[in-house]
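Q: Each chain, written out:
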Amino acid sequence: MTTTRRDFVNNGINKAAGLMAAGVALSAGKLLAEEEAAGSTSIEGAIDKELPPPSAEVIALSRTCFGIKRQELSRMESIGIETYLEEQMDWKSIDDSAVESYLQEFTPTIYLSQGELIDFQKFEVSGQLKSATVFRALYSRRQLYEVMVEFWSNHFSIYHQDGPVALLKTADDRDVIRPHALGNFKELLRASTKSPAMLVYLDNHTNIAGTPNENYARELMELHTLGVDGGYTEEDVKEMSRCLTGWSLGRRGAERGRFKFYPEFHDEGEKSLLGISLLANGGINDGETVIDLLAEHPSTANFIAQKLVRRFVTDSPTESLVSLVADTFLDTGGDIQAMLWTIFLSDEFAQSADEKLKRPMEFIGSALRGVNATLERGSRNILRDYLISLGQMPFDWVPPNGYPDVAGYWASTNGMLNRWNFALALAHMDLRGIRFDYFSLIGRNWRPGNIVDALARNLLHRELLEQDRQMFIEYLAPNAAVDELLNSQQLESRIPGLIGLMLSSNYFQYR
Amino acid sequence: MKLSRRQIFKLMGVTGAAAYMPRIVFSENGSIATGDTVIIIYLRGGADALNIVPPYGDANYSKLRPTLAIPSPDSGVEGAALDLDGFFGLHPSMAPLLPFYQSGELAIIHAAGSPNPSHSHFESQDLMERGLGENDTIYTGWFGRYLDYTGVPEEDAVFRAMAMGSTAPRSLAHSEPSIAMNSIEGFNLLADDGQKAELQARLSALFSGNSLLDQQAVNTLDALQSLELADPAQYPVENDAEYPDTSFGRELMEVGQMIRAGLGVQVAGINLGGWDTHEGEVATLNSLLAEFAQGLAAFSTDMGEMMSGITLVTMTEFGRRAYENGSGGTDHGHASFMMAMGRNVNGGNVYTDWPTLDDNALYASGDLEVTTDYRSVLAELMVNRTAGIPVEELFPDFAGSDFLGVFQTG
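In order, the protein sequence lines correspond to chains F and S.
When the first sequence is numbered by our numbering, its final residue is 511 and no position is left out of the sequence of numbers.
When the second sequence is numbered by our numbering, its final residue is 1410 and no position is left out of the sequence of numbers.
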């Protein structure tokens, strides 16, 4: 057998996947090319499509949470996908007090006002927000809500370690992203444009009449609303930056660290951009008018729709689904729940098994949630270390485009290795402060075949190819018959490795 | 295709480093040609050529940048430029590189960049790493196309294209996966020695498909094995080189170790971010350039004689606006600079067709004009320093141009 992967590639069987495999790496993620490349590649056409697909419930749940818990899957199976997702959409009705009281005790700074935060150390404030974010992903019962918080935190990405941002992002998370994560895009955008963390991160706090700073104005159009092909010009960027002169934050007293408009630094001249003209002396209305225009723009609808479809369905969004979601955006004035329903009720969603690779947060979350791990406080460092090696610590993406959400970026050699190491260490209880009970996962019938089937059901939530099932059985009990009862000593020596392998396998890498 | 390099390795009885000859490239027809190992350093964020290699001799420079301009070398003030040729200077934090410029191992190309007018970081980086002027349906990286063009025996390819970091840059994208590793030490399967071989065999059986994930998994397993055999961490830093104590410094050092270990590295990609100086540019460049310059100087010192087989090139997506903004910084501009370093470089020269900073010479509404297409420099690099590839294959939408003479031939 001398066929190499290159032969396959040259035969054109999987050329595109190979290209993407080589990695897409901009220190940035979303790019035209990346989307289009994803379109020509994705994981489609690969042999993975021949893995027995998981059920519609598994797909729906896995896409809308940070990892399937068995009892949640059972609940979805009993009440139905739609009813389950309706509950999740109505996030305020879901009691999450256990999580909140934990956070009040251990990450109290996430509840403090901007004025109170000023007196804290940056690392303390940013560290607590990171911890709270990971904790909520792992434990919140409002999983869809947390998924959308994560989505918008990346859409309006702010780098945590950019000087004073460490003290400001906490309020952005709490007062900008969270109130609107399942609300209305226009409201969310309006809030973000007055977010001190955003204005500082993208330098608009120093954008003043006469010598404008274009940084925020450009990214507002390129990344937050219209998209790079959304039809704006370099002149529009300049005019937009003029509109936003004087949008900054207070420097002292009660105003300190809060949004403040400085009329004396605002460019009061006439402006013309994106097909409209603004009269002189518009003050803060200049910016507000244009921001509303951006929020309602068809290019924005299309751009947001594309990103949502990429998040929930596929690396290579189809024109048809994107335009359906964009229509929903325009019809509802940017209603986020309505857009999500358009996606969740589509055939493409139900049929998109293995189209989305878990990113590190989802991989770690789904492993911990899947085995029902208990985390002691000491586990914080180990989780931090793995999120860093895997490259997805919340709020630590430096450029303003947010963590990528395509397999071509995350399926790297570094990514594979660190996934395996996390899986193996978790399974062997080698992660400090993290424990779980594997007896609850392997069932009561301790024959090799039954144990492998129980783990496939309870942990992977899907059927195995027979060849892989046999391989797992052989690993579990190299010298035993398939139907021989194993004793606890045999289990102890082989079950951790088996669970580690299963969590490392391709069966567990997709969401 | 499951008979991977790893297995071929074993069949051939190949063990460890001795099997590799880093400068040998097998071209498609089986003939052997030589080529340098290429290190691509990408300065992400749009580096400000006008303050890194200040054109102090251009009268408009200090006028456009009343608070930011680097003073001319003869000004006698603190923070003055280090003179290069009577017109251009180096930012004082670039001092560690001055000896290399003077000894002819460092060349600078000024007013270089992409003709594409985009001022978006993401679009510009992406196009540049794909080696395109306009968006197109070609998704390989510019260096990746060279790798595909030459082709090498499968078993030699594991570390052919590598990057330090959690993912490999698109410039390397080709028909095979590239290696991305955070660090040499961290690239290790954490399992008991007794279990490693079995786990690797099981993983290999599990990832036996042909999906993206399968490919990366197989490549990871190959890389683990090769790395263990070659043990690059055993090679100490030489010639008293002092790398900056930062991840950039460590990454350069480790690329050096990988090359020394004979792992067949043909290209390595390293990123250095932080160049988007819209604000507070003086402080940012003071420290960032020190790290950058110290890193390159240390690498070149460390590798010593081996720099006759290594060529290093730096690039960035665009430069900054010619005039400063009101925030002590500069907004996105057009042309920037490139550098080439190594013993095969015709250094000691600033290569440029200087467009000047005259008002009517500025691009669009105030940027330094691009007079050297970045692809002209890269094309010369590939033609003169590698086994070669027709320029039209390398850069399909580049009309080509005369080479500047940055790289020695042969």
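Treat the hints as calculated values from the structure; they're not laboratory data.
Check before you lean on any hint, since a few could be wrong.
Stated by the list, open to error - Quick list of in silico lysine-lysine cross-link-like pairs, DSS-like style, CA-CA up to 30 angstroms: (1) F:K122 - F:K238; (2) F:K271 - S:K1196; (3) F:K260 - F:K271; (4) F:K186 - F:K69; (5) F:K238 - S:K1196; (6) F:K92 - F:K69.
Unchecked claim - Facing chain S, a subset of chain F residues (Cβ under 10 angstroms, in silico): (7) Y111; (8) V237; (9) L279; (10) G283; (11) N285; (12) D405; (13) G408; (14) S412; (15) N418; (16) E463; (17) Q467; (18) E474; (19) Y475; (20) S504; (21) N506; (22) Y507.
Where is the CB? At the ideal position from N, CA and C, for every residue including glycine.
Q: All hints are to be evaluated individually against the structure, with a verdict given for each.
A: Taking the hints in turn, this is what the structure says about them:
1. A C-alpha spacing of about 33 angstroms is found between F:K122 and F:K238, which places the hinted pair above 30 angstroms, so the restraint is violated.
2. Only pairs whose Cα atoms come within 30 angstroms are accepted, and F:K271 paired with S:K1196 is rejected, the gap being roughly 66 angstroms.
3. Straight-line distance between C-alpha atoms of F:K260 and F:K271 comes to about 22 angstroms, which keeps the hinted pair within the 30 angstroms bound.
4. A threshold of 30 angstroms between alpha carbons decides the hint, and for F:K186 with F:K69 the separation of about 34 angstroms lies outside it, so the pair is violated.
5. Restraint check for F:K238 and S:K1196: not satisfied, since their Cα atoms lie roughly 58 angstroms apart, outside the 30 angstroms limit.
6. Between F:K92 and F:K69, the direct Cα distance comes to roughly 21 angstroms. Compliance with the 30 angstroms bound is thereby established for this hinted pair.
7. A cut of 10 angstroms between beta carbons decides the hint on F:Y111: the least distance to chain S is about 31 angstroms, and the hint is violated.
8. The restraint placing F:V237 at the interface with chain S holds, with a minimum CB-CB distance near 7 angstroms, inside the 10 angstroms limit.
9. A distance limit of 10 angstroms between C-beta atoms decides the matter here; for F:L279 the minimum to chain S is near 23 angstroms, and the interface restraint is violated.
10. Because the closest C-beta pair between F:G283 and chain S is about 19 angstroms apart, greater than 10 angstroms, the hint is violated.
11. Contact between F:N285 and chain S, as hinted, is not supported at the beta carbon level, the nearest pair being about 22 angstroms apart and thus beyond 10 angstroms.
12. Interface hint at F:D405: violated, since its Cβ lies 13 angstroms from the closest Cβ of chain S, which is beyond the 10 angstroms cut-off.
13. For the restraint placing F:G408 at the interface with chain S, the shortest Cβ-Cβ distance is roughly 7 angstroms, inside the 10 angstroms limit, so the hint holds.
14. Given the 10 angstroms rule on beta carbons, the hint for F:S412 holds: about 4 angstroms separates it from the nearest Cβ of chain S.
15. Given hint, F:N418 at the interface with chain S, holds; its Cβ is 8 angstroms from that chain's nearest Cβ, closer than 10 angstroms.
16. Hint status for F:E463: violated, given a least beta-carbon distance of 15 angstroms to chain S, over 10 angstroms.
17. Interface hint status for F:Q467: upheld, as the beta-carbon distance to the closest one in chain S is roughly 8 angstroms, under 10 angstroms.
18. Satisfaction of the interface hint for F:E474 is found here, the shortest Cβ-Cβ separation to chain S being roughly 9 angstroms, below the 10 angstroms cut-off.
19. Here the hint on F:Y475 is kept, as its CB sits about 6 angstroms from the closest CB of chain S, short of 10 angstroms.
20. The beta carbon of F:S504 is positioned within 10 angstroms of a beta carbon in chain S (closest approach about 6 angstroms), and the interface hint is therefore held.
21. A cut of 10 angstroms between beta carbons decides the hint on F:N506: the least distance to chain S is about 5 angstroms, and the hint holds.
22. This hint holds: F:Y507 has a C-beta 8 angstroms from the nearest C-beta of chain S, less than the 10 angstroms allowed.
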